[in-house]
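**Q** Listed below are the residues making up each chain.
There are 2 protein chains.
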Amino acid sequence: MSSAADRAYAEIRGLILAGDAMPGTPLREEALAGIVGVSRTPVRDALRRLEGELYAVRTPGGRLVVADWDADDVAEMFALRAMLEGHAASRAAARMTPQVLAALRDSNGAIEAAVAAPVPDIGIFLRENRRFHDITIAAAGSARLANMLSALVEQPVVRRTAARYDRSDLMRSVVEHGQLVQAFAAGDAEWARATMAAHIRRAFHAFRTAI
Amino acid sequence: MSSAADRAYAEIRGLILAGDAMPGTPLREEALAGIVGVSRTPVRDALRRLEGELYAVRTPGGRLVVADWDADDVAEMFALRAMLEGHAASRAAARMTPQVLAALRDSNGAIEAAVAAPVPDIGIFLRENRRFHDITIAAAGSARLANMLSALVEQPVVRRTAARYDRSDLMRSVVEHGQLVQAFAAGDAEWARATMAAHIRRAFHAFRTAI
DNA sequence: ATCCGCGCTATTGTATACAAAATGGGGCGC
DNA sequence: GCGCCCCATTTTGTATACAATAGCGCGGAT
Numbered sequence: 001m002s003s004a005a006d007r008a009y010a011e012i013r014g015l016i017l018a019g020d021a022m023p024g025t026p027l028r029e030e031a032l033a034g035i036v037g038v039s040r041t042p043v044r045d046a047l048r049r050l051e052g053e054l055y056a057v058r059t060p061g062g063r064l065v066v067a068d069w070d071a072d073d074v075a076e077m078f079a080l081r082a083m084l085e086g087h088a089a090s091r092a093a094a095r096m097t098p099q100v101l102a103a104l105r106d107s108n109g110a111i112e113a114a115v116a117a118p119v120p121d122i123g124i125f126l127r128e129n130r131r132f133h134d135i136t137i138a139a140a141g142s143a144r145l146a147n148m149l150s151a152l153v154e155q156p157v158v159r160r161t162a163a164r165y166d167r168s169d170l171m172r173s174v175v176e177h178g179q180l181v182q183a184f185a186a187g188d189a190e191w192a193r194a195t196m197a198a199h200i201r202r203a204f205h206a207f208r209t210a211i
Numbered sequence: 001m002s003s004a005a006d007r008a009y010a011e012i013r014g015l016i017l018a019g020d021a022m023p024g025t026p027l028r029e030e031a032l033a034g035i036v037g038v039s040r041t042p043v044r045d046a047l048r049r050l051e052g053e054l055y056a057v058r059t060p061g062g063r064l065v066v067a068d069w070d071a072d073d074v075a076e077m078f079a080l081r082a083m084l085e086g087h088a089a090s091r092a093a094a095r096m097t098p099q100v101l102a103a104l105r106d107s108n109g110a111i112e113a114a115v116a117a118p119v120p121d122i123g124i125f126l127r128e129n130r131r132f133h134d135i136t137i138a139a140a141g142s143a144r145l146a147n148m149l150s151a152l153v154e155q156p157v158v159r160r161t162a163a164r165y166d167r168s169d170l171m172r173s174v175v176e177h178g179q180l181v182q183a184f185a186a187g188d189a190e191w192a193r194a195t196m197a198a199h200i201r202r203a204f205h206a207f208r209t210a211i
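So the protein lines, in turn, are chains A and B.
Taking my numbering as reference, the numbering of the first sequence is continuous, increasing by one, and the terminal residue is 211.
Taking my numbering as reference, the numbering of the second sequence is continuous, increasing by one, and the terminal residue is 211.
Hint data in this document are derived by calculation from the structure and do not stem from the laboratory.
There could be a bad hint or two in this list.
[Stated by the list, open to error] Among the chain B residues that face chain A by a calculated CB cut under 10 angstroms, a handful are: (1) Ser39; (2) Thr41; (3) Arg44; (4) Gly52; (5) Asp72; (6) Met77; (7) Leu84; (8) Arg91; (9) Arg144; (10) Asn147; (11) Met148.
None of the values given here were measured: they were computed from a predicted structure.
We treat Cβ as the ideally placed atom computed from N, Cα and C, and that holds for glycine.
Required output: the full structure, derived from the provided sequences and hints.
**A** Following this line, the structure appears as structure tokens:
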């Protein structure tokens, strides 16, 4: 895979998500090339991807600036994610295999262990939470769906939310994942869909109160 | 906007959708550059966009080939479109204005006229149908939603379906659009969502029987 | 005869040079 | 003083040259 373009993508995306590049900040190719340490060509590739994922928007004159995520857009992202990931859960339930089910149980077990520790390990929680959802999306068996969701799963948003969770909040995630596993085990697509949608909408409201 | 890159995008996309480039056909940058009459640089831009929209997929070695749309993927596209465009209709209903409503009525009036003509004009039908849906998506006021739907609205798929419509099929679209307008006029988001979802799922089955 | 390894070729990735276009500022006219 | 137009500078778009890498075929050994 293309190393320079990928590094540029990751680094510029990082700048945006970390808040180092505020909304409205112009994304100048040459300046970014200097920062990343590559030429303009891979930077352009990265910017085009970021534009496609709406991390950047184009001014009338063709210049790119960091996109502004207002509260409405965040709400819309959660709504879309609830819909699409609910759909993914539905498909996954219909295609569930013992191996995938075991992987999901393993992931949720790791989350539970991290939460049950004397000092809950947020790092493990985030990593395994991500893995749980990735496994579900992969189990849905739709490349298109996975592609759409990839632009929607904002790890930093999840992180900021999780950082403020107390133990009972974290445990609620474990319980909800457990409910999802039950729905998957039963092969009940609608149960899985509804549970996933509820899980994500709860996360949305946790996020809202967190900020 | 960038003329060469856009022409390359449109032309390569056209090759894929027209069936001139069958699934699995390698998309070689230099060859495409020759066809379009530009250099590799804008062709690369176009290919990256097409890759993001899953018109092309990447082989393990980094080469791009035309993606294969099997029946399952088409079904999934319609399912996603029903979900997302239903959501768009819901949002549009909540944000409806007299101006947008008038534009939608105007569009559907044009469709009805085209269908009612002694020889139904499929060209006008397709153009105005597209406009009707575009107005709805724009009225939803979500750039992210519009962005996702743009990769999902396969005009050629619609075209192949519409080409086999008889007058009663075409008229059914007019009726369904009329129902949507009613839901919009009432500002009933859930009515609009359900009507749009039903409209698209009917189109899906029309497509299935057409092929 | 088949399988492995080597090297060649085709293809993509990256850098740079050049062209075109847009923004911003300064000066001119009203 | 205000507004507008034009030019300089900055920034993006495109082309080309070069580098790296994957694929593939050939030849040899077992």
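**Q** Was the hint right that leucine 84 of chain B lines chain A, CB cutoff 10 angstroms?
**A** This interface hint holds because 8 angstroms falls under the 10 angstroms limit.
**Q** Was the hint right that arginine 44 of chain B lines chain A, CB cutoff 10 angstroms?
**A** holds (8 angstroms)
**Q** Go through the hint on threonine 41 of chain B and say holds or violated, using the shortest Cβ distance to chain A against 10 angstroms.
**A** holds (8 angstroms)
**Q** Grab the minimum C-beta distance from serine 39 of chain B to chain A and call the hint holds if it beats 10 angstroms, violated otherwise.
**A** violated (13 angstroms)
**Q** Under 10 angstroms is the threshold here; is the Cβ of arginine 91 of chain B close enough to any Cβ of chain A for the hint to stand?
**A** Given a least distance of 8 angstroms, the restraint on arginine 91 of chain B holds.
**Q** Return the status of the interface hint for methionine 148 of chain B: holds when the least beta-carbon distance to chain A is below 10 angstroms, violated otherwise.
**A** holds (6 angstroms)
**Q** Is the hint on arginine 144 of chain B kept, meaning its closest Cβ partner in chain A is under 10 angstroms away?
**A** Because about 6 angstroms separates arginine 144 of chain B from the closest Cβ in chain A, which is inside the 10 angstroms limit, the hint holds.
**Q** Is the shortest C-beta separation between aspartate 72 of chain B and chain A less than 10 angstroms?
**A** With a closest approach of 8 angstroms, the aspartate 72 of chain B hint holds.
**Q** Does methionine 77 of chain B pass the interface hint, meaning its C-beta sits closer than 10 angstroms to a C-beta of chain A?
**A** Since chain A brings a Cβ to about 7 angstroms from methionine 77 of chain B, closer than 10 angstroms, the hint holds.
**Q** Would the hint on asparagine 147 of chain B stand, with a C-beta cut-off of 10 angstroms toward chain A?
**A** Holds, because the Cβ-Cβ distance from asparagine 147 of chain B to chain A comes to roughly 6 angstroms (cut-off 10 angstroms).
**Q** Measuring from the C-beta of glycine 52 of chain B to each C-beta in chain A, is the shortest one below 10 angstroms?
**A** holds (5 angstroms)
When each numbered hint is compared with the structure, a violation occurs for hint 1 only.
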